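Asker: As a plain string of letters, each chain reads:
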Amino acid sequence: MTPMIRNVVLPLAALVALALVPIFVIDSYTRHLFIIAFIYAIIASNWNLSLGQCGVFNFGHLTFFGVGVYTAAILAKTAGVNPLLAIVAGGITAPIVAFLMAAPVARLKGIYVVLVTFAFSQLVMQLVLSQSQITGGAEGMVRIPYLEIGDYSFIRDYKLGYYYLCLGLLVVSTIFLILIARSPFGKSLKAVRDAEDYAVSRGISVSRQRVLALVLSAIFTGVAGGFYAIYLRVASPEVFGFGTLTLALSMLLIGGVGTTYGPIVAALAISFATESLAGIRGFEEARFIVIAVAMILVLRLAPEGILGLFRRLTG
Amino acid sequence: MIDTLFATLVSGLVLGSLYALMASGLSVVWTTLGVFNFAHGALMMIGAFLAWTLVEPAGLPLPVGILCGALGAAALGIVIERLLVRPYYGNRNMLLITVMTTLAAMIILEKSAQMIWGARLKQLPRLIDDEISIASATISAHEAVMIVLAPLVLAAIWAFTVRTNIGRSLRAVGQNQDSAALIGINVPFAFALAFGISAALAGLTGALLGSIRFITPSMGADPLTKAMIVVIFGGLGSLGATAGAAYLIGVIEAILVLWLGLYWTPFVLFLIMIVVLVFRPNGIFGGNQ
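These protein sequence lines are chains A and B, in that order. Going letter by letter, the first sequence gives residues 142 to 456 in our numbering. Going letter by letter, the second sequence gives residues 54 to 342 in our numbering.
In short, the hints are calculated from the structure, not lab data. Keep in mind the model is a prediction, meaning the values are calculated, not measured. Here a beta-carbon is modelled for each residue, glycine too, at the ideal position from N, C-alpha and C. Among these hints, one or two may not hold up.
Below, a sample of chain B positions facing chain A; criterion: calculated Cβ distance under 10 Å [to be verified]:
1. Ala-158
2. Leu-289
3. Leu-315
Construct the entire structure; sequences and hints are all you get.
Answerer: So, in structure tokens, the structure goes:
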């Protein structure tokens, strides 16, 4: 495959195919699966910006998603803000929280980055659980206002509005990530990851690039969180849990850390796989075991991800 | 006032014992292998469930249950080392990869426990069903046993790593694997041993904790998070520093709970941790390397 086909033709063809899906798929459950898959694709591909491109051992990425979820939920339900604006607000609060987390992380190395980012996500979950008069505590929030423009509710026509809104978010997020990866800034992130000493000697501030990578990776993750809250009309502290974390991490790993399209392809595949496993009786919990085993196998057999394996096989 | 302070100090000691047992297990694996085991909390949970199974449905005495809980967790720890950690020795990205594989192990253990033992809350009986009053503070005898047992176990492990040849070989492997192999130390055995000891500590903690807290598949999450704060605070380098930090965090937490209430305590703990990290990236007792 030439780079032209791989980087331009294939993604565009995939986009056209996804845009045509609602013509052929008219049951709202399958469309729901696509929407959830798009959300995970946004989470995983943005996580790749900090973990894959910049090499920050960030295990608190789902915090940004959770902050987006609760921002939109609280704004739309408690403050009565227009749901569309509430979704966008998730893209503002999440980067702020990312900055708070990044400030101490930027100077740390190795395992301490993992520990602090991880502890940070637990801390935000504690905050959500303890402030139950605002967040609903362990029960979460329900009956969040739904999205409508004029008289048209996005849930109508088998979730047609939500489908295209979410696909649009994924496209904008992906273009954003590709522009970053190709910019001098994106290249400096890779330099920080691969040759820190050389990057420093060329005048790149490692701390600043790490903070920027974390903050930028939180923007669309937060928006996706806001969309998730408005679309499902619930917000629950489960979004901070190990289940969501492992799911997103498996997409990143199986798709290939360091690639932009890999996590997106993996997110689509894994979302459908887990949902169909969840449909089998007795597999509601076991599907997480299946995912964890798949993650271990990929780390063992194809560390560069399925897409990398495919590329190696096709030369 | 003095009474309240004393009671707080005692409850801080209970927490400190719990954190010391958990965090020292993490420290043993870290100093020997350079691996941070995210499944440590899940191994603790498995220890509690195994003890419960032997004591409640099977009717064995509680000390037997606790011992088997620790041994069962140790066996699982060795399996985790063999399957999920050993293949990546020498890999450039070993630290990151083992974080992910042990995270996957944690999910597998937690979800398996949920499928095997179900969601119903379980609890072990107490070692001694009595209460002890020290001056003005009253605690259960079980908690008193934990306060006494934790330093003894830690001292035993310290003596093992300093006084015995096998124990010293663990430290040698931690310092330089190649040299250790050259002087005839069986490096893979040392790795498995470190993981086994660490997991046994986790299983023991879980079985002891199962009498004063509910046993659930996710019971390991909170002690793991606290143990992380402890190792960040104390540095991962040495057993003594980790144990010291565990008691310090336990007492600070007890004081914070008294002063600010349960909700704000995790925040302040986290803030303290950040301040420590900014000024001393290797922990309060850590060196400056």
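Asker: Tell me, in ascending order, the numbers of any earlier hints that this structure violates.
Answerer: Going through the list in order, the structure violates no hint and respects every one.
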